[in-house]
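Student: Fit chains B, C and D to the known structure of chain A by using the hints.
Protein chains: 4
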Amino acid sequence: MLKVAIAGATGYTGAELMRLLAQHPNVEIVCVTSEQSSGVLLATRLPFLKGFSDLTLEKFDADRVAEGADFIFSALSHTKAMKPVSHLINAGKKVVDLSADYRLQSVQAYEKWYSAPHQEKALLKKAVYGLPEIYRKKIAKASLIANPGCYPTGALLPLYPFLKSGEVDTTREIIIDAKSGVSGAGRAPTDATHFPEVNEGLVPYDVGTHRHIPEIEQEIAVFEAKIIFTPYLLPINRGILTTIYLPLKRKMTQDQLEEVLYEYSSEFFIRLMDHPPNVRDVRGSNFCDIAVFATSGGRTAIVISAIDNLVKGAAGQAIHNMNIMMGWDEHTGLTAPPIFP
Amino acid sequence: MLKVAIAGATGYTGAELMRLLAQHPNVEIVCVTSEQSSGVLLATRLPFLKGFSDLTLEKFDADRVAEGADFIFSALSHTKAMKPVSHLINAGKKVVDLSADYRLQSVQAYEKWYSAPHQEKALLKKAVYGLPEIYRKKIAKASLIANPGCYPTGALLPLYPFLKSGEVDTTREIIIDAKSGVSGAGRAPTDATHFPEVNEGLVPYDVGTHRHIPEIEQEIAVFEAKIIFTPYLLPINRGILTTIYLPLKRKMTQDQLEEVLYEYSSEFFIRLMDHPPNVRDVRGSNFCDIAVFATSGGRTAIVISAIDNLVKGAAGQAIHNMNIMMGWDEHTGLTAPPIFP
Amino acid sequence: MLKVAIAGATGYTGAELMRLLAQHPNVEIVCVTSEQSSGVLLATRLPFLKGFSDLTLEKFDADRVAEGADFIFSALSHTKAMKPVSHLINAGKKVVDLSADYRLQSVQAYEKWYSAPHQEKALLKKAVYGLPEIYRKKIAKASLIANPGCYPTGALLPLYPFLKSGEVDTTREIIIDAKSGVSGAGRAPTDATHFPEVNEGLVPYDVGTHRHIPEIEQEIAVFEAKIIFTPYLLPINRGILTTIYLPLKRKMTQDQLEEVLYEYSSEFFIRLMDHPPNVRDVRGSNFCDIAVFATSGGRTAIVISAIDNLVKGAAGQAIHNMNIMMGWDEHTGLTAPPIFP
Amino acid sequence: MLKVAIAGATGYTGAELMRLLAQHPNVEIVCVTSEQSSGVLLATRLPFLKGFSDLTLEKFDADRVAEGADFIFSALSHTKAMKPVSHLINAGKKVVDLSADYRLQSVQAYEKWYSAPHQEKALLKKAVYGLPEIYRKKIAKASLIANPGCYPTGALLPLYPFLKSGEVDTTREIIIDAKSGVSGAGRAPTDATHFPEVNEGLVPYDVGTHRHIPEIEQEIAVFEAKIIFTPYLLPINRGILTTIYLPLKRKMTQDQLEEVLYEYSSEFFIRLMDHPPNVRDVRGSNFCDIAVFATSGGRTAIVISAIDNLVKGAAGQAIHNMNIMMGWDEHTGLTAPPIFP
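These protein sequence lines are chains A, B, C and D, in that order. In terms of the working numbering, the first sequence is residues 1 to 341. In terms of the working numbering, the second sequence is residues 1 to 341. In terms of the working numbering, the third sequence is residues 1 to 341. In terms of the working numbering, the fourth sequence is residues 1 to 341.
Next comes chain A alone, as it looks inside the complex (with noise of 0.2 Å):
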């Protein structure tokens, strides 16, 4: 059993690292940390817990952490995960990192969209961007992996083929509009998450100011792709819908667009649909459902996926990344269906 460690175990992505984990056959969790609530029992911050953990949350020590753990999954903060993460690295253990802080491979870019100094340059450069689909074998052999935002990952994974099949026109932008549950903006209460005010509404936020913008356009850099991303607040707790206008530099017919995701037949994870997918179908699970469209015009195609940001957009691509980094069953501990309704 390996001996894994939770680092921000009451935020909601720790929470399900904690609910998928139990389902894992490979993985025992020994420490779960938590800044504010320390000395806590995790099921009294969780109690839908109750009868899976009997353990108490601890301040973050790395240096205990290091001791009873070997895989850290750290659900940290942004800017804050960057020093400890770095302290379990250097202590040889493995670490899966859900926050921003090695995502970026751009100091400058960090800086200016984090407000805050990298200081870690030299681990950054080894960290790799967690994406199974895209980065499997890199992955496997990595210390650290920088586990994707939520939002990018329901963008890149139905952008890839495409962008690699070479039939996006980018001489105009990519037009990516996502929606996003409530769970997506973490567990602690904002004017702007307090239940009236998010409830039997719908809002654009940071219209072309988001975070996760410069962590797209990294990932598309090499297709010289530009993006033009608006995300939504949307009264629901889990699931990104991400509608991509994909400008093209041919007509394509909706098989000739369908033949492109064929890329993904032999991925569990993803799900290639002859139906706009519908976020209540992946709840709970690790599944990206694409499917593609046609438009009359032919130039442009609409590409729409689903993701559980929880589980896909966060814990469950991290717990498919440790899988593979422990060169176990890739799907481990991950199969079990969606939830509906």
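It does not matter which identical chain is meant; a pair holds if it fits inside one copy or across any two.
Here are the computed lysine-lysine pairs in the DSS-like style, where the Cα-Cα straight-line distance is at most 30 Å: (1) Lys-226 / Lys-164; (2) Lys-251 / Lys-226; (3) Lys-112 / Lys-251; (4) Lys-226 / Lys-249.
In short, the hints are calculated from the structure, not lab data. Source: prediction; values computed, not measured.
Tutor: Just chains B, C and D now, with coordinates in the frame of chain A:
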């Protein structure tokens, strides 16, 4: 036009006062206050009001408010309304206080339940509990109205006719099971009202310890009745559904029970229903829908009410009180139908 | 008092007409019809209206309706409004038809998209498309108004000023990504609108095949613009949020874009926002909130609108049209603020 | 591997059986039936199952089902399960029937509440009521299990220990106030479960007339207790929160009440809570969370339970019963944590 001020205008009660008073023909709002957003346009903090108000929020200053306004709605929070309200009354103004500060006539009870000393005992004695259907005459002569709490409003209105009828068996407890939408918890974000914590859930809280228990008990003390009260946080924005299990002295039929409610037949804001009330059917309105059901045993009646906690349970009832205090038609500004769906 | 009838009064549009007209000072509702609930009290089918209407539902009979009413709102469904509307117009009445039967001026297009022959081609030519901000003068002289669809309203209002300005690059498609609350699908229950199927989900539908596409295209045909249109079913009751990705002929700054919208500065029902509109802020009102955002590339603008699909997208716009047809102040009966939260 | 069939696989109970059985190590699903969707892929009617089942739906044919399967879950609806279940039992199969057809041991009661004759009286006597915590031993020997209704499960589990303890005052009625998510009403769309009718509402229904009343009364008949039962339609997908106001023979303290519940301390699927249970904390799981609260008067206790109506209230309990009938570890396939948020 009556010059009106709203103290604490950016919370949900303040917002609802703004919405309803915008439709009131006899009123001009001259001043809105906020401790945290002073200097900001009201419509910036409440974007739905764009086009309806160009007022700028001010810090509460009793002298300034008294200078400009003749009637004040105080939507300040518990313990913080006491002094400002007293100042305004001393300046000769009429005030409807929507906090609990002048509701409990027992200083001892207030200090126990609100953990603060009551510093305006003399004024407390002059305050009138603002339940118009019950205290209409006293309200007409009052300068200070203690506007009832939302749960007490939903419980007392269906209870009164039965208690007055003498049919209630006061040796057994009256059970009040009351489910409230989240706006009842106010606009300040908290862990418990964070969207993903509330959504798709239902949970009782403050079982046996809610502050509205002494308020309800005070109002039915004359009948020597005891209550058990269980409130719930319901994943909707507005509405309180109150189910009362009422012990009866004798077996009563459906007809006999309905007859007791006929007392309300001329009350515009009370609608007697022949089917279970639904909070959705009073949304946005000052109605209290009530129905009663006999049980097969006959010695317990089920009385159910539905109100909008922000209207009949707060701002609407406050305006109703103002109308009575000013000698206007009681319904002025409160005659729009509910909004469905 | 104008004598008004509502044909098809028990659906959501009919219900909303009842709600809004209850606040209209110049109107008396004399007749309400329903095919399935004739003989039943309107307030039985719409309990929120208890106390506001003692009318009994009748089967639609053009002669009877024409006898009692001088102005008719038809909320009958597509293909079923055609004949009744024609009857009423022939009887010399004024009609606002909320179905699609008189919206598409091309008989061919109508018959293709609605799979039914158009049997009133002569009358079709006289119908005026009821978008008041655009066709105010024609509406004033019309007897028959084809009230716009909800999606077209949310799309056309933000589009017009830009198309008129000549800044739109019509060689590229205008992308319209529009999310609608469930009341837009009507009151008849279906698999797709069953609560657990919709709740906690988000799904596009009719991608590239929605009936509102020809309606939007007709209205912008003069500008020779083409659109791509993606609608979504959003798990809320009311509201359409429309995001338009607008191709521009030249790079435009934020200031230049906002200047285009100033055309609307005197329109009461259009509110120009400096932040992204939220459907929650127009709920229950006839407002269309609009904002525009420049993109870093500069050659695409993001224009966003929020409306309440049942008000500005249906009943409110219908009443606005009536006000214009009758020569009344345009805003009569439509001046209540939105309801928040 | 046990060969299992699901009759009525496209409703919510059938869907949930599919979801849970996909994680069960001892079971292979060989046959799924549907009257309305025969010939269609199960994953077409339940897209969340894509990748988990390539079965095609068949019309129910008892002989065919009996040929392929050794264990059958019948999720057919009330009155329609009676004959098929009898056929399968006669063919020597084991059956868990999730309808009400074999729950009421009184033929008279069945025929009154379900308005249909009972045609399998002999088999009815052999059916065992499948509440594992209470009837474990009988279940182990049974061929036919009548799986309990969702409301009875949520009510009986918290009631039993108190009734058995002899502390309940059966001269007064036990009040059961139970709020259910919409999936409890099934997957067929109706007026009452149409999204905009339910959303943002709360309404009691079948006050005093719900079919689960005789089921609960049957199970507590031995204690000669009477109940008052009020169910509500709650605007969430899953979950039943049951609040029981329990009359006591004597004043009992919090400690004394909690002691009664210790009877459950070794039951894996019952979690004793020291705070009010929340339906969100059992979502997707087979847990029944229970808490008890003393009242100030002391002669009434408040007992509260939370279950997922589709799991503990239907499919999960059915699988629990199967595990017992097959002699397997009781928890097999049911050990995943709830899903939060």
